[in-house]
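Trainee: Residues per chain, in single letters:
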Amino acid sequence: MILAAADAVSGNIATVGYGLAVIGPGIGLGILIGKTIEGMARQPEVAGQLRTTMFIGIGFVEVLGLLGLITGFLFQ
Amino acid sequence: MPTGVACADARPPTPDPRSCDLSSTATAALTLAAEEGEGFHAPTLADFFPGPIFGDGTLVEFNRIMLVRVIAAVLLVAVMAFAASRARLVPGRGQNVVEVLLDFVRVNVAEEILGRKEAARFVPLLTAIFFAILAFNITGVIPGLNIAGTSVIGLPIVFAVIMYVVYLRAGIQRQGLGGFLRTNLFPAGVPAPMYVLLTPIEFLTVFVLRPATLAIRLVANMIAGHLMLVLCFAATNYFILEAAPALKAFGAVTFVAGLAITLFEVFIAALQAYIFVVLSAVYINLSIETEH
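Residue numbers (this note's numbering), protein chains in the order written: chain Z, 1 to 76; chain X, 1001 to 1292.
Next up, chain Z with everything else stripped away, as it sits in the complex (with noise of 0.2 Å):
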């Protein structure tokens, strides 16, 4: 069944280099967030900076799976 249809499948394998290139980015993002969450139920006073912070860290990590996207547009 998989086999019969794996003829007509027609695509580019770059879809499946994005799906690698987000694991990275979204494991990070996971260390990252659930770490924060931590942080912010052992001392909630700080829970204001440890969010900015956290926000900057996403920024930074996110950039990284949205490359992998956007380099599936440019080496079609």
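Hints listed in this document are in silico derivations from the structure and should not be mistaken for laboratory results.
Every value quoted in this text rests on a predicted model; they were computed, and no experiment measured them.
Virtual Cβ for every residue (Gly too), placed ideally from N, Cα, C.
Keep in mind that the hints are not guaranteed to be accurate.
Said to hold, decoys possible - Just so you have them, the derived chain Z footprint on chain X, three or more residues with Cβ under 8 Å:
#1 1220-1234
#2 1275-1289
As the list claims (entries may be wrong) - Computed from the model, here is a short list of chain X residues facing chain Z with C-beta under 10 Å:
#3 Val-1109
#4 Leu-1209
#5 Leu-1214
#6 Arg-1217
Said to hold, decoys possible - Calculated Cβ distances over 12 Å to all of chain Z for the following chain X residues:
#7 Phe-1082
#8 Ser-1085
#9 Leu-1102
#10 Glu-1118
#11 Ile-1142
#12 Pro-1187
#13 Met-1194
#14 Ala-1244
#15 Leu-1247
Since chain Z is already given, all that's left is putting chain X on it; use the hints.
Mentor: Just chain X, lined up with the frame of chain Z:
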């Protein structure tokens, strides 16, 4: 020929389904499943380059995205001017909303990152950038406009270049050119041989990666959001109008998913505006602080 509900712009039909790489497997699966009708048209990058409205081929070629940008800019200025002209000591409801947003940029972004003393210089710029990006992003989910003004790289580059000039200028003003380069390219407290590795990386970070990632982050988020929306609503259109009866129920699923993504996009629009100004403030701070 089915076109996406969310994408009212006239886009050329893609002759080769292989060119739409992002969702090609989804397309293939759907065409396999239906095996009839005109098929499902996945969104492509062509969505972001609609035909010109006037000035075809000239320097002032004006297309739909330009029109959306002009509308967003005019609306933003009108709302702000209206709120400012009727400003009272005791704010009304509309003024309150604007003031909360203005205060958010001043307190939660500028003053928290730069400190109260340094922030004063940069608050007007950061506020203007925040509101501009928010306005241009939010057009992506407004019915009728349906595309973010920032979803083509030109506008994000303009914002990034402005911030690039501002943070370099702030750093050089504060420390002089030599001092600025020394604190940024040769961070203190590192053994001297490490500078062989560290200095090129720091150079790339300060002069290339920071502005480049500011622009790319914004544009890629908006492109991804638009593609997700179009994918959902185009799939809804296809499932309900063309697909085999057994598949019509999936139309409801993709429609609800499209609505959910619309709400998500509102969140993303605000988040990206926030992240842009936060990172800009961080870069300014990194430029002007002399020692860690």
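Trainee: All hints are to be evaluated individually against the structure, with a verdict given for each.
Mentor: Here's how the hints hold up against the structure:
Counting residues of the stretch 1220-1234 of chain X whose CB lies closer than 8 Å to any CB of chain Z gives 4, which reaches the minimum of 3, so the coverage claim holds. Coverage of a stretch by a chain is defined here by at least three residues with a beta carbon nearer than 8 Å to that chain's beta carbons; for the stretch 1275-1289 of chain X and chain Z the count is 4, and the condition holds. Among the interface hints, the one on X/Val-1109 holds; its C-beta lies about 8 Å from the nearest C-beta in chain Z, closer than the 10 Å criterion. At its closest, the beta carbon of X/Leu-1209 sits 9 Å from a beta carbon of chain Z; the interface hint therefore holds under the 10 Å criterion.
Hint status for X/Leu-1214 relative to chain Z: holds, with the closest Cβ pair at about 9 Å, below 10 Å. Below 10 Å, beta-carbon pairs count as interface contacts, and X/Arg-1217 has one with chain Z at about 5 Å; its hint therefore holds. With a cut of 12 Å on Cβ distances, X/Phe-1082 stays outside the contact zone with chain Z, its closest approach being about 31 Å. No Cβ of chain Z approaches the Cβ of X/Ser-1085 within 12 Å, the least distance being about 33 Å, so the stated non-interface status holds.
In this structure X/Leu-1102 is separated from chain Z by more than 12 Å, as the shortest Cβ-Cβ distance comes to about 18 Å. Every Cβ of chain Z is farther than 12 Å from the Cβ of X/Glu-1118; the closest lies at roughly 16 Å, confirming the non-interface assignment. The beta carbon of X/Ile-1142 sits about 23 Å from the closest Cβ of chain Z, which is more than 12 Å, so the claim that it is off the interface holds. Every C-beta of chain Z lies more than 12 Å from that of X/Pro-1187, the closest at about 17 Å, which supports listing it as non-interface.
Against chain Z, the non-interface label of X/Met-1194 holds: every CB pair exceeds 12 Å, the least being about 22 Å. At the 12 Å boundary, the C-beta of X/Ala-1244 stays outside the reach of chain Z, the nearest C-beta of that chain being 17 Å off. With 12 Å as the threshold on Cβ separation, the claim that X/Leu-1247 sits away from chain Z holds: the shortest Cβ distance comes to roughly 16 Å.
When the structure is compared with the earlier hints, no violation turns up for any of them.
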